[in-house]
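S.K.: These two chains come separately, so use the hints to put the complex back together.
Protein chains in written order, with my numbering: chain F, 7 to 118; chain G, 1001 to 1115.
Calculated from the structure, these hints are not laboratory results.
Errors might be hidden in some of the hints.
Unchecked claim - The list that follows gives simulated cross-link-like pairs (lysine-lysine, BS3-like), each with its CA atoms no further than 30 Å apart:
1) F:48 / F:64
2) F:100 / G:1057
3) F:110 / F:74
4) G:1057 / F:74
5) F:28 / F:48
6) F:28 / F:110
7) G:1057 / F:28
8) F:110 / F:64
9) G:1013 / F:48
10) F:100 / F:48
11) F:100 / F:74
12) F:100 / F:63
13) F:110 / G:1013
14) F:77 / G:1057
15) G:1057 / F:48
16) F:100 / F:43
17) F:43 / G:1057
18) F:110 / F:100
19) F:100 / F:28
20) F:43 / F:77
21) F:74 / F:63
22) F:63 / F:43
23) F:64 / F:77
24) G:1057 / F:110
25) F:63 / F:48
26) F:48 / F:110
27) G:1057 / G:1013
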Amino acid sequence: GENVEQHPSTLSVQEGDSAVIKCTYSDSASNYFPWYKQELGKGPQLIIDIRSNVGEKKDQRIAVTLNKTAKHFSLHITETQPEDSAVYFCAASKEGYSTLTFGKGTMLLVSP
Amino acid sequence: KAGVTQTPRYLIKTRGQQVTLSCSPISGHRSVSWYQQTPGQGLQFLFEYFSETQRNKGNFPGRFSGRQFSNSRSEMNVSTLELGDSALYLCASSFLADHLYNEQFFGPGTRLTVL
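Only chain G is shown next, with the shape it has when bound in the complex (with noise of 0.2 Å):
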C-alpha cells in the first residue's frame, strides 16, 4: 500500500502571497489531519477533515484553512503569508472506522520558507 503523499515537497514564497498544499492519503482511510512542525513550537496540530468535513481545528489564524475531496484526498491553504510561516508542514491519515482505530500515519511533509 503507497504511503501519505504530499505536493510539492518544497516551496519558497515571499510575505503577503497565498500557497497551496496537497496531500493524498494512504488508500482507504478517510480522515486528513495537517500540523505544522517549527523548532521552537514542535508539531502542532492545525486541522483535520472527515468525509470532506472539517471536524477539528487547533489554534491557529484563519489565514490557514483546508478541504478535502470526495477521494478523501485533502488541501490546505495559507493566505497573506508571514516569515513565521515558515515550518515543515505535515499531513497525516488515519482509517477512523467506527470501532475508534485512530492510528495516523504522517507524509513526508512541506517544507516552506516565506522569505
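Isolated chain F (complex conformation) (with noise of 0.2 Å):
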C-alpha cells in the first residue's frame, strides 16, 4: 500500500519567514495530494490540494509543488503569521478513492 513520508516533523520560523514542509510517497498510481491544517482541539482543515496533471499551486500565501518523477510534494507558506501556528499534514490518495495516507505531520510554530 501507500506510505507517506513528511520532513520536518517540528518546524520553527519568525513571523514574516517562509517556511517549508516536505513529503515522499511510494505509490506511483497516487495522484491526488490534500494538505491539512489542524488547529488544536480542532479536525483537519483542507487547505490546498493538487493533482499529478499540474506541476504548482498557489493561493495566496500557500503554495504546493509536486514532483511525479521523483514523488515528491512540497508546501510552502510565504510571510508567515503567528495563526499559522499548527500541525500540517500532507496526504496521497488515488482520484476517485476516498482513502487518504497520511504523512505524520509537522507542527509548526511562528513566533511573533
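M.R.: Structure, rendered in C-alpha cells:
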C-alpha cells in the first residue's frame, strides 16, 4: 500500500519568514495530494491540494509543488504569521478513492 | 453550508464496553470516511461508506464497524473496547461525483478515552 513520509516533524520560524514542508510517497498510482492544517482541538482543515496533471498550485501565501518523477511534493508558506502555527499534514490518494494516506505531520511554530 | 458534525465530542468508556459514534456529512455529500488519530500512529483510515455500502476498509480488527444511512449520515461502532482504542475519531465527507472529485472535509472529531 501507499506510504507517505513527511519532514520535518517540527519547524520553528520567525514571523515573516517562509516555511517549507516536504513529503514523499511510494505508490506511483497516487495522483491526488491534499494538505491539511489542524489546530488544537479541531479536525484537519483542507488548505490546498494538487492533482498530478499540474506541477504547482498557489493560493495567496501558500503554494504546493509536485514532482511526479521523484514522487515528492512540498508545501510552501510565505510571510508566515502567528496564526499559521498548527500541525500540517500531507496526504496522498488516487482520484475516485476516498482513502487518504497521511504523513505523520509537521508542527509549525511561528514566533512573533 | 453547515460543515461535518460529529457527536458526541467527548466520550469516556471502560474496557470491554462498546461505543457508537455519529457523523453527519455536509449536505449533498454521499461519501463518508472514518479515521483514527493517535499520537503514535497518526491519522489512519478506518473505512469509507458510499450510498450505504462500505467501499473501502483499512487495516483494523473486526471490532471496528460502521454503517451509513439513506440520508448519508454514518455511525461507527467499536465493540469490546481496549485501552489502545483511546483516540480522536474523525469523520470526513466528500462529494465524490462521477468526475472523481474527492476533496474530503473533516469534522471536529470525537475524543474517546478508554479507562
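S.K.: Against this structure, judge whether each hint is valid.
M.R.: Each hint, compared with the structure:
1. Between residue 48 of chain F and residue 64 of chain F the CA atoms are separated by roughly 25 Å; this keeps the pair inside 30 Å, and the hint holds.
2. Annotation: proposed proximity of residue 100 of chain F to residue 1057 of chain G holds, straight-line Cα distance about 15 Å (limit 30 Å).
3. Annotation: proposed proximity of residue 110 of chain F to residue 74 of chain F holds, straight-line Cα distance about 21 Å (limit 30 Å).
4. Proposed proximity of residue 1057 of chain G and residue 74 of chain F is supported: the alpha carbons are some 27 Å apart, at most 30 Å.
5. With a C-alpha separation of about 23 Å, the suggested pairing of residue 28 of chain F with residue 48 of chain F holds against the 30 Å cut-off.
6. With a C-alpha separation of about 11 Å, the suggested pairing of residue 28 of chain F with residue 110 of chain F holds against the 30 Å cut-off.
7. For the hint pairing residue 1057 of chain G with residue 28 of chain F, the CA-to-CA distance comes to about 28 Å; that is within 30 Å, so the pair holds.
8. At roughly 23 Å between alpha-carbon atoms, residue 110 of chain F and residue 64 of chain F fall within 30 Å of each other, so this suggested pair holds.
9. Restraint check for residue 1013 of chain G and residue 48 of chain F: the C-alpha separation of about 21 Å stays at or below 30 Å, so the hint holds.
10. Proposed proximity of residue 100 of chain F and residue 48 of chain F is supported: the alpha carbons are some 26 Å apart, at most 30 Å.
11. As the CA atoms of residue 100 of chain F and residue 74 of chain F are separated by approximately 13 Å, the hinted pair is consistent with the 30 Å bound.
12. Distance hint between residue 100 of chain F and residue 63 of chain F is fulfilled; the C-alpha atoms sit about 18 Å from each other, no more than 30 Å.
13. A threshold of 30 Å between alpha carbons decides the hint, and for residue 110 of chain F with residue 1013 of chain G the separation of about 27 Å falls inside it, so the pair holds.
14. The hinted pair formed by residue 77 of chain F and residue 1057 of chain G meets the criterion: a straight-line CA distance of about 25 Å does not exceed 30 Å.
15. For the hint pairing residue 1057 of chain G with residue 48 of chain F, the CA-to-CA distance comes to about 24 Å; that is within 30 Å, so the pair holds.
16. Taking the CA atoms of residue 100 of chain F and residue 43 of chain F, the gap is near 21 Å; set against the 30 Å cutoff, the hint holds.
17. With a C-alpha separation of about 25 Å, the suggested pair residue 43 of chain F and residue 1057 of chain G falls inside the 30 Å cut-off, and the hint holds.
18. With a C-alpha separation of about 19 Å, the suggested pair residue 110 of chain F and residue 100 of chain F falls inside the 30 Å cut-off, and the hint holds.
19. The straight-line distance between the Cα atoms of residue 100 of chain F and residue 28 of chain F is roughly 19 Å, inside the 30 Å bound, and the hint therefore holds.
20. The hinted pair formed by residue 43 of chain F and residue 77 of chain F meets the criterion: a straight-line CA distance of about 22 Å does not exceed 30 Å.
21. Of the pairs offered as hints, the one joining residue 74 of chain F and residue 63 of chain F holds, with about 14 Å between alpha carbons and a cut-off of 30 Å not exceeded.
22. Restraint check for residue 63 of chain F and residue 43 of chain F: the C-alpha separation of about 17 Å stays at or below 30 Å, so the hint holds.
23. Straight-line distance between C-alpha atoms of residue 64 of chain F and residue 77 of chain F comes to about 19 Å, which keeps the hinted pair within the 30 Å bound.
24. Between the alpha carbons of residue 1057 of chain G and residue 110 of chain F the distance comes to roughly 20 Å, so the proposed pair stays at or under 30 Å and holds.
25. At roughly 26 Å between alpha-carbon atoms, residue 63 of chain F and residue 48 of chain F fall within 30 Å of each other, so this suggested pair holds.
26. Between the alpha carbons of residue 48 of chain F and residue 110 of chain F the distance comes to roughly 17 Å, so the proposed pair stays at or under 30 Å and holds.
27. For a cut-off of 30 Å, the pair hint linking residue 1057 of chain G to residue 1013 of chain G stands: about 25 Å separates their Cα positions.
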